[in-house]
Amino acid sequence: MRRALAIVFFLCAVAGGVWLVLRPAAREPAASQGPPPAAAPEPPPPPHLALPRAPPPSDAERPARPAVAQDEKALMRQVRALVKTEPRKAEALAREARRRFPNGAEADERDALLVDALINQQRIGAARDETYYYFERHPNGRFAEHLFVMTGARPAPRRP
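Letter 56 of the sequence shown, counting from 1, is numbered 56 in the numbering used here, and no numbers are missing.
It should be emphasised that the hints constitute simulated quantities derived from the structure, not laboratory data.
Heads up, some of the hints might be wrong.
If you anchor each label on the Cβ, the simulated ranges turn out as follows [claimed, not checked]: (1) ARG159 to ALA126: 23 to 29 Å; (2) PHE148 to MET1: 52 to 58 Å; (3) ALA6 to ARG154: 14 to 20 Å; (4) PHE148 to GLN121: 30 to 36 Å; (5) LYS73 to PRO157: 21 to 27 Å; (6) GLU145 to ARG88: 24 to 30 Å; (7) ILE7 to LYS84: 19 to 25 Å; (8) GLU96 to ILE7: 55 to 61 Å; (9) ASN103 to PHE148: 21 to 27 Å; (10) ALA4 to ARG95: 54 to 60 Å; (11) THR85 to ARG2: 50 to 56 Å; (12) ASP129 to ILE7: 46 to 52 Å; (13) PRO157 to ARG77: 20 to 26 Å; (14) TYR132 to ARG77: 24 to 30 Å.
Each residue gets a CB set at the ideal place from its N, CA and C atoms; glycine is no exception.
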């Protein structure tokens, strides 16, 4: 009986030590250390120089591309840039792009990036739901295999 208690005590001590080492980084400073040292003041930023701006292009010089396509491309650039570092913002931007451009030129990639943003937030159930949405909207989508690998969801078989 004593031996069993000693083993249990030892295991609890080891588990407590492991927990102390691996607990979240939000540790409180020890009381014996006193207050943390004051940070050195930051130097003032260098003065900004105003660069001369070119005059706006005339109507004849502007490209013939519609402004809507430019907006979609700008949103997609932002989604691509944020999908790993700030997945919540990427999700919001992808949903906005879906609302504004439901059949846009980059809808295939947008919906796949939305799934990636959900996965990066560890919202796997929502990611699987969006994967099924992707398979319905883009049956021959170029990101279907990637989404299958990431979520395990398969497209529904087609009926003849």
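Starting from the hint 21 to 27 Å, judge whether the C-beta atoms of LYS73 and PRO157 obey it. With a Cβ separation near 35 Å, LYS73 and PRO157 fall outside 21 to 27 Å, so the hint is violated.
Using the beta carbons of TYR132 and ARG77, state whether their distance is inside 24 to 30 Å or not. Once the Cβ atoms are compared, 27 Å apart, the range 24 to 30 Å for ARG77 and TYR132 holds.
Regarding ARG159 and ALA126, is the given constraint of 23 to 29 Å on their beta-carbon distance met? holds, 28 Å
Given the hint of 20 to 26 Å, check if PRO157 and ARG77 actually sit that far apart at their C-beta atoms. violated, 36 Å
Assessment of proposed distance window 30 to 36 Å (beta carbons of PHE148, GLN121): violated, 20 Å
Does the hinted range 24 to 30 Å hold for GLU145 and ARG88 at CB? Given range 24 to 30 Å: holds, Cβ gap about 26 Å.
Is it true that ALA4 and ARG95 lie within 54 to 60 Å of each other by Cβ? holds, 57 Å
Verdict for ALA6, ARG154 (Cβ pair) under range 14 to 20 Å: About 53 Å separates the Cβ atoms of ALA6 and ARG154, which means 14 to 20 Å is violated.
Cβ distance range 46 to 52 Å for ASP129 and ILE7, holds or violated: For ASP129 and ILE7 the Cβ distance comes to about 47 Å; the hint holds.
Honestly, do PHE148 and MET1 meet the 52 to 58 Å range at C-beta? Holds: the Cβ-Cβ distance is about 55 Å, inside 52 to 58 Å.
State, for the Cβ atoms of ASN103 and PHE148, whether the hinted interval 21 to 27 Å holds or is violated. The hint (21 to 27 Å, Cβ to Cβ) holds, given that ASN103 and PHE148 are roughly 24 Å apart.
Using the C-beta atoms of ILE7 and LYS84, is the stated range 19 to 25 Å upheld? violated, 45 Å
Violation of the numbered hints given earlier is confined to hints 3, 4, 5, 7, 13; the remaining hints are satisfied by the structure.
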